[in-house]
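Line by line, the protein sequences are chains A and B.
Quick note: the first sequence, position 2, residue 2 per the working numbering, numbers continuous.
For the working numbering, add 1000 to where a residue sits in the second sequence, where the first one is 1.
Calculated from the structure, these hints are not laboratory results.
A hint or two may mislead.
Partial selection, computed: residues in chain A whose CB lies under 7 Å from chain B [said to hold, decoys possible]: (1) ASN53; (2) MET84; (3) ASP88; (4) PHE92; (5) ALA104; (6) VAL212; (7) TRP258.
All C-beta atoms in this analysis are idealised placements derived from N, C-alpha and C, irrespective of residue type, glycine included.
One letter stands for each residue in the lines below.
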Amino acid sequence: MIELQIQKELQGAKGPFVLELDLAIKSGQFWTMYGPSGAGKTTTIRMLAGLMNPDRGRIVVRGEVWYDSEQKINRSPQQRSLGMVFQDYALFPHLTVEQNLTFASRNSEEKGRIPGLIDLMELGTLRNQKPGRLSGGQQQRVALARALVQQPPLLLLDEPLSALDHKTRVRLQDYLLEAHRKYELCTILVSHDLGEVFKLSDRVALLENGKVRRVGTPGEVFLGESEELSLQIVGTVLRIEEQGPNIQIRVQIQGSLWQSTLPFADIKDLRVGDRVVLYADQQHTQIRKV
Amino acid sequence: MNWEPLILTFELATVTTLILLVVGIPLAYWLAFTRWRGKAVLETLVSMPLVLPPTVLGFYFLLAFSPSNAFGAWLDEWLGIQLVFSFTGLVLASVLYSLPFMVHPIQAGLSGLSPSLREAAYVLGKSRWQTLRLVLLPNIKPALLSGVVLSFAHTIGEFGVVLMIGGNIPGQTRVASIAIYDEVETLNYAAANFYSGVLFAITFAILLLVYLTNGGLQKRLWP
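Just chain B, with the same shape it has in the complex (with noise of 0.2 Å):
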């Protein structure tokens, strides 16, 4: 069998999800505490994904990133960066994709916690990130775990932009769900049968880890 797809998609999600949690958590933080009037446009934005089908999305990054538009060749020419059908493009527009599943986790768990607490650590002379970092995120590790599993599980189950940027390249952009729609179209019945139970399973596992984990098995492991 061919492990290339299953294997190039979880690098593709392990990648998606660090730097969702790089881009996520400030967002989410500014988000959850923001007092600007125009916080309602950016998180609809950021709820987008949610509702658009997929293919509106890659079909607007391939305009963006393609060489022959002016932001694609900007790239192209100075920073020597192909974003379309290459693994970087699909890193950018998974990022983007699963952007919701991040940050709407941690946004709702910070919004959650007292104002006191924030509070008290200021009176207490530690500075926004100290905060952040000290008393804040630790105390949402639940919503910390359910950002990360869904934005992975999410970025392994996507296929419409995958499709629409990535094209099939063998080893660069040709992840699982595209394997299988490739091996079904030639009647490989088998290898797409492989395909689909392993995403089957491993997808089924990590939900089903976020449930028993948020539902007190957290509390024993992770106290």
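This is chain A alone, in the form it adopts within the complex (with noise of 0.2 Å):
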């Protein structure tokens, strides 16, 4: 269980503004800030990980008290138990996978866990290269297993899949589910990418100009439903066409393309680059704009 209350004045594009969140995590949930950049979503889990000082507030880390500004309480870094994926991995160049592993374990019972580790993220073969000959979707495995090797209870992710294509962050998606729910930790991602955030998420807090717009399942925050029946599915609108009173529209899906021909009225305020949420129950498809 994670309080996290806190505020910080922060310096945005178009002037300066308060960051304020009051949020409650529960353990095993998986978290996503989403928002637009310069939102302070990197700038919260920076706080969380004692990178970054808050003005005031409180952080609360499963009974421990990491920061209180009346207590006078601010963890260092060193003293607070947590993993953490940077957007740039920030793998050590001059250390092997391996010993990138072995830096991080702290005893032998950690030292133990880095084989286990080097299967679940598959980087057998590259244990003894150096980050620098590895692909982005590589390293990002390898900061993934390092920030597990002291098992903490709770994972933060700065953005760490943005820089990769489709199909490998896919994967990575799912080596980060398979992390989660394998040694139950609680997950706070920081990303602006809807498919991911539908696809791990339990819980998405939507930040807008260091405010807190709403906070709920992806369902709740994106498509304003109290209960998710229908399938959903998150894609970008590649073409729009007129045949006659209908309109037909082609949207990408991950990889793949889905092409529907349906009434204008349900679709006039849809553009070409739109993302959009296709949600199909037994009758019906329709189609909303994010």
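With the hints in hand, could you dock these two chains into one complex?
Spelled out as structure tokens, the structure:
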């Protein structure tokens, strides 16, 4: 269980604003911080990690106070038990894959976990390579494995998948989910990819200008639904063509194309390039802009 | 031939470089990462020997170290150290004189590393010292090498500072650069040529090594 109540003044593109958060995150949940860049997503997880100080507030993780501005408690990053994957992965260039993992271990028990992690992330053939020779996706797996060596209760991920191509990204999402479930982590992901949000998260906090606009399941937050009874898929509109009274629309969904002919009224406010959610129940297919 | 001035020169350069490594790494680390506002003043002081005539530095050292002044007298009385016209004094002056040549490359190397490397080590529970030793320094080997070699070479080449505070005592403070000047004064060109030739060859070799090393040889020899 994580309690996060923090305030911090930040400089945005349009001048200063105050990041204000009040979130309660349950153990075992996968959370995503979603929102436009500059909304305070990365700042939030950096403050959780102790790499940045809030102006005031309180951070309590599993009953341990990590930060409390009133009681003047502020644990250093070293004293906070968490794993973090950085946007640029932050692998140590002078160490091999295996040495990077060994670097993270503090005792023989943690060292003993390394072979298991190397298997889980399928790094066996790369263990003696230096990070400079690995692809983005491979580096990402190493960074994730390194963050898990200490089996921290909390895993923070700062847009780790944003620089990867689609196929690699989907595979890494699977690795992430597997690790999250296997180690019963509390995971917080910063992302601005909706497909990723729907696939991975139990809860989303939608941040805008430092404020939490909405919190809930991805369905609640993005589709305004309280219950998810239908199939939902996120895609991008590629083409809209008139065909008599109807409109033919083509949507890219992950790797493949979906095409349908719908009444004009249903899609009149859509444009090429829009992010949309398709949802299908037994009778209908609907498309809605996110 | 008399090798004594040359040997003394290399002794001075070695001792100076070793001390500079110990002093320069923490100073460069601090300059690279501090957010203290007065940082610019300290950076300027560190860089002063680059532009100041060595004789100015030597002159102030002479004043400070002289037993007839407060600081020099205090050193002499309490610690029994004579800094003027002694090898110890030469080392101290050389450390300050070559300071920028050690600090600048290391500071640039450290600032050039991605901040996330440090942060990743902190999050994994490593202290600042462990992070410096195990993560930062191994990733700036070329900068460290430049610092060591440039400080060494620069100390070999110093003349003005030594002349001011070292004098010309054989075996104590008579380094090669002074000996060359001395031999020329007495029209002994053969000896001056010998010292000069050796210094020229060695300095050339050292600098060549740096350029070769930082230009890729390092990756093959020291992966």
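Structure-based check of all given hints:
1. With 7 Å as the threshold, the beta carbon of ASN53 (chain A) stays out of range of chain B, its nearest partner Cβ sitting at about 13 Å, so the hint is violated.
2. About 5 Å separates the beta-carbon of MET84 (chain A) from the nearest beta-carbon of chain B, less than 7 Å, and the hint is met.
3. A least Cβ separation of about 6 Å between ASP88 (chain A) and chain B falls short of the 7 Å threshold, and the interface hint therefore holds.
4. For PHE92 (chain A), the interface hint holds, since its Cβ comes within 7 Å of a Cβ in chain B; the closest pair sits about 6 Å apart.
5. Hint on ALA104 (chain A) holds. Least Cβ distance to chain B is approximately 5 Å, under the 7 Å limit.
6. Residue-level restraint check for VAL212 (chain A) is violated (minimum Cβ-Cβ distance to chain B is 25 Å; threshold 7 Å).
7. About 39 Å separates the beta-carbon of TRP258 (chain A) from the nearest beta-carbon of chain B, more than 7 Å, and the hint is not met.
Checked against the numbered hints given earlier, this structure breaks hints 1, 6, 7; the rest are met.
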